[in-house]
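Chain by chain, the residues:
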Amino acid sequence: MPVPDLFAEGLARGWKTHNGSRLEHDLTLEADIAIVGSGAGGGTSAEILSAAGFKVLLIEEGPLKTSSDFKMQEAQAYASLYQEGIGRMSKDGAITILQGRAVGGTTLVNWTSSFRTPAPTLEHWAKEHAVEGHGPAEMAPWFEVMEKRLGVAPWAVPPNANNEVIRSGCDKLGYAWNVIPRNVRGCWNLGYCGMGCPTNAKQSMLVTSIPAMLDQGGELLYLARAERLLLDGDQVSGIECLGLDERCVAPNGRRITVKARHYILAGGGINTPGILLRSKAPDPHQRAGKRTFLHLVNFSAAQFEQLINPFYGAPQSIYSDHFQWDDGPAGRLSYKLEVPPLHPALTATLLGRFGIDNALRMEQLPHTNVMLALLRDGFHPDSAEGRVELRGDGSPVLDYRMTDYSWDGVRRAFHSMAEIQFAAGAKAVLPLHADAGYVKSLAEARRLIDALPLELYRTRLGSAHVMGGCAMGEDPRQAVCDSLGRHHQLGNLSIHDGSLFPTSIGANPQLSIYGLTAKLSAKLVKRLGKV
Amino acid sequence: MIDTTVAPAGLSRRHLLKVGLLGSAFLASAGLTASLSGCSASMPQAGFAVIRESDLAFLRALIPVMLEGAVPPEKLPQAVAGTLESLDYSLNHLSPELLKLTVQLFDVLALPITRGPLTGVWGSWENASAADVRRFLERWQNSWIGLLKMGHASLLQLVMMSWYSRAESWAHCGYPGPPTV
Chain A
37 MPVPDLFAEG LARGWKTHNG SRLEHDLTLE ADIAIVGSGA GGGTSAEILS
87 AAGFKVLLIE EGPLKTSSDF KMQEAQAYAS LYQEGIGRMS KDGAITILQG
137 RAVGGTTLVN WTSSFRTPAP TLEHWAKEHA VEGHGPAEMA PWFEVMEKRL
187 GVAPWAVPPN ANNEVIRSGC DKLGYAWNVI PRNVRGCWNL GYCGMGCPTN
237 AKQSMLVTSI PAMLDQGGEL LYLARAERLL LDGDQVSGIE CLGLDERCVA
287 PNGRRITVKA RHYILAGGGI NTPGILLRSK APDPHQRAGK RTFLHLVNFS
337 AAQFEQLINP FYGAPQSIYS DHFQWDDGPA GRLSYKLEVP PLHPALTATL
387 LGRFGIDNAL RMEQLPHTNV MLALLRDGFH PDSAEGRVEL RGDGSPVLDY
437 RMTDYSWDGV RRAFHSMAEI QFAAGAKAVL PLHADAGYVK SLAEARRLID
487 ALPLELYRTR LGSAHVMGGC AMGEDPRQAV CDSLGRHHQL GNLSIHDGSL
537 FPTSIGANPQ LSIYGLTAKL SAKLVKRLGK V
Chain B
157 MIDTTVAPAG LSRRHLLKVG LLGSAFLASA GLTASLSGCS ASMPQAGFAV
207 IRESDLAFLR ALIPVMLEGA VPPEKLPQAV AGTLESLDYS LNHLSPELLK
257 LTVQLFDVLA LPITRGPLTG VWGSWENASA ADVRRFLERW QNSWIGLLKM
307 GHASLLQLVM MSWYSRAESW AHCGYPGPPT V
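Chains as they are written, first to last, in the numbering used here: chain A, 37 to 567; chain B, 157 to 337.
Treat the hints loosely; a few may be bogus.
A few chain A residues that don't get close to chain B, going by computed Cβ distances all over 10 Å [as the list claims (entries may be wrong)]:
#1 A48
#2 H54
#3 A88
#4 E183
#5 E200
#6 D207
#7 L313
#8 D319
#9 Q342
#10 W443
#11 A464
#12 K476
#13 Q514
#14 G527
Listed below are several chain B residues computed to face chain A (Cβ distance under 7 Å; list not exhaustive) [to be verified]:
#15 V221
#16 E224
#17 A226
#18 L250
#19 M306
#20 L312
#21 S321
#22 Y331
#23 P334
#24 P335
Computed Cβ-Cβ distance ranges for the label pairs, DEER-style [claimed, not checked]:
#25 A:G210 to B:W278: 54 to 62 Å
#26 A:D486 to B:R290: 22 to 30 Å
#27 A:E180 to B:A202: 56 to 64 Å
Since the hints were made in silico from the structure, they are not lab data. The C-beta atom is built at its ideal place from N, Cα and C for all residues, glycine as well.
Please build the complete structure, drawing on both the sequences and the hints.
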């Protein structure tokens, strides 16, 4: 039985949408609230504000793709659903950055892991970054609301063999592990969350909050880039948007002017500070784009005798926080351990090298596990951090500078991953670094890892969790927004996305963004008063 | 030593001047000045949206080296053609700034004046052996110039992703393909 395309049905019922690639003339759109970005922050805000009776306009740079478009093919999915056609990387080209860019934002392509913001992170923000009112007890009800809304529950099905490596390795070593909560309903356990869910099981913004907003009479403008905020003193007076071609690459010459009473930026890390910088928004303390964090990721591959088939099954279902807080929240750089799904195209670039070396590694794909470490950057003054800049054409790029402190975390993470992989029965382990080959014992791995020159380009690094860059906090000298997401300088502008986080958070960020922006949106409804 | 006997790369002086920041950095680092004879500006090759005739010689030398061991020799010509098709699709969806950087990278590899000093391949790419290509890649990977390391990483990622996104590559890596929904 074919999967019903919920979004296509809604459109047939009369949902109001505007396709920026097909406009016959320039357009002016008006709403009570204009929201830039349709991911976790924008989608959640849109649902809550439209339910309160406000007319919402949701603006998305990417295309509208729905379940019937999702063919589980890497080439097509990466080119159409990811920022810069999956080409996004740090300014030096050494760190691959995966962020969604389509209606639904990154929620459309994430791997469904849904964690509450860890309590030590919330406490650290209160203590070090003057964040008020978002302690663990104050946030708990908001996480609960969003968990219910999006079907978040620990994955009840046995993990696939790729995830099982974490469980069995940690069990042998006496390390802590746990089951990952996922935002799915009726999941088929296919493994293609990163290419758009073909069965609408993933409770992304595309099938939850955005339909709810459209049902309330809200409007969606897609394939339109919010180019700049129009400013009038300390107020935003409009947003100038550019229509894009169908590939979402080049402006097509059409302009859309958006007028609203209140404006919300929810383009995520890198893009939200990018709009502020392009708009020359007042920024007396030069905070926009500073302190951008990545949850920098390094990887370790392992070959097993048994079949792993790491391309099938829920991509992430087991994690280990054994090392996450091992030196306190602000001690040495520590990490959360998870696995990525391994489809051939992305895996070929992860495994590294070329020719025979790469071919031999790829030949073993069905027997290969890859583990990853999410390095909790931003808690220690010596941590690597990034700064968003504008390129010649006004597009944002992240200049992320590594430090010795951060490289030390990378090296320890290589050790931890190899140890767990061997404990789980790996025949051979490969830290993903240009100078490493597969080694057959933990002792060999330890010698290899200790000797690796940890440098950009030689070390395979990535990120799927851009956070920060428009930090919240009560001190305008440190933060772009206050703790309620209100821009410190512009009266009718809020930021509702992961760029608010003063540090990385130590967990996959979607539920943190849902919970926080749900709370900020409810407070905004109260401030804006009766419709 | 600059090889002046090879066929023109299909790039005009005017085009060279547009090579821009990356190209300028390459040129500066090689201590060279541009003095190419005029040829017609380079357009996408027929059948491609982005890849130009001037890019093909290099890519046809590079791709077989990248795919060695993953493709039986008798299937290599089709694999190269397929990889080029997928690569063109990817390039056509990159952001304009990233595409610009990639095109500059290809220019630097195509122009004899930059190719020789920077890659160590002094003759044309058509005549480069697999060993020449491997030496060039190793040289860039271990270069002290960040841009060359970045170029090396980009080439590996672009080519490997392009090939392994294609169904005909999957038998080698034991991937049965996506399930039916």
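Identify whether the interface hint at B:E224 stands, where standing means a beta carbon of chain A within less than 7 Å of its own. Holds - the Cβ of B:E224 comes within 7 Å of chain A, reaching about 4 Å at its closest.
Using Cβ atoms only, decide whether B:P334 comes closer than 7 Å to chain A, and label the hint accordingly. holds (3 Å)
Find the nearest Cβ of chain B to the Cβ of A:Q514 and say whether that gap is larger than 10 Å. Check passes; 30 Å lies beyond 10 Å.
Interface hint for B:P335, Cβ within 7 Å of any Cβ on chain A: holds (6 Å)
Grab the minimum beta-carbon distance between A:K476 and chain B and tell me whether it stays above 10 Å. holds (21 Å)
Once the closest CB in chain B is found, is it more than 10 Å from A:A88? Fine: 36 Å to the nearest Cβ keeps A:A88 off the interface.
Hey, is A:Q342 genuinely clear of chain B, shortest beta carbon separation above 10 Å? Nearest chain B Cβ is 13 Å from A:Q342, so the label holds.
According to the definition I'm using, a residue is off the interface if its beta carbon is farther than 10 Å from all beta carbons of the partner; does A:H54 meet that for chain B? holds (22 Å)
A:D486 paired with B:R290, Cβ distance criterion 22 to 30 Å: Given about 29 Å between the Cβ atoms, the range holds.
The output says A:D207 does not contact chain B. Does that hold with a beta carbon cutoff of 10 Å? Non-interface label stands for A:D207: nearest chain B Cβ at 28 Å, farther than 10 Å.
Are all C-beta atoms of chain B more than 10 Å from that of A:L313? Label holds. Min Cβ-Cβ 15 Å, cutoff 10 Å.
Does the interface hint hold: is B:L312 within less than 7 Å of chain A, judged Cβ to Cβ? Since chain A brings a Cβ to about 6 Å from B:L312, closer than 7 Å, the hint holds.
When held up to the earlier numbered hints, the structure conflicts with none and fits them all.
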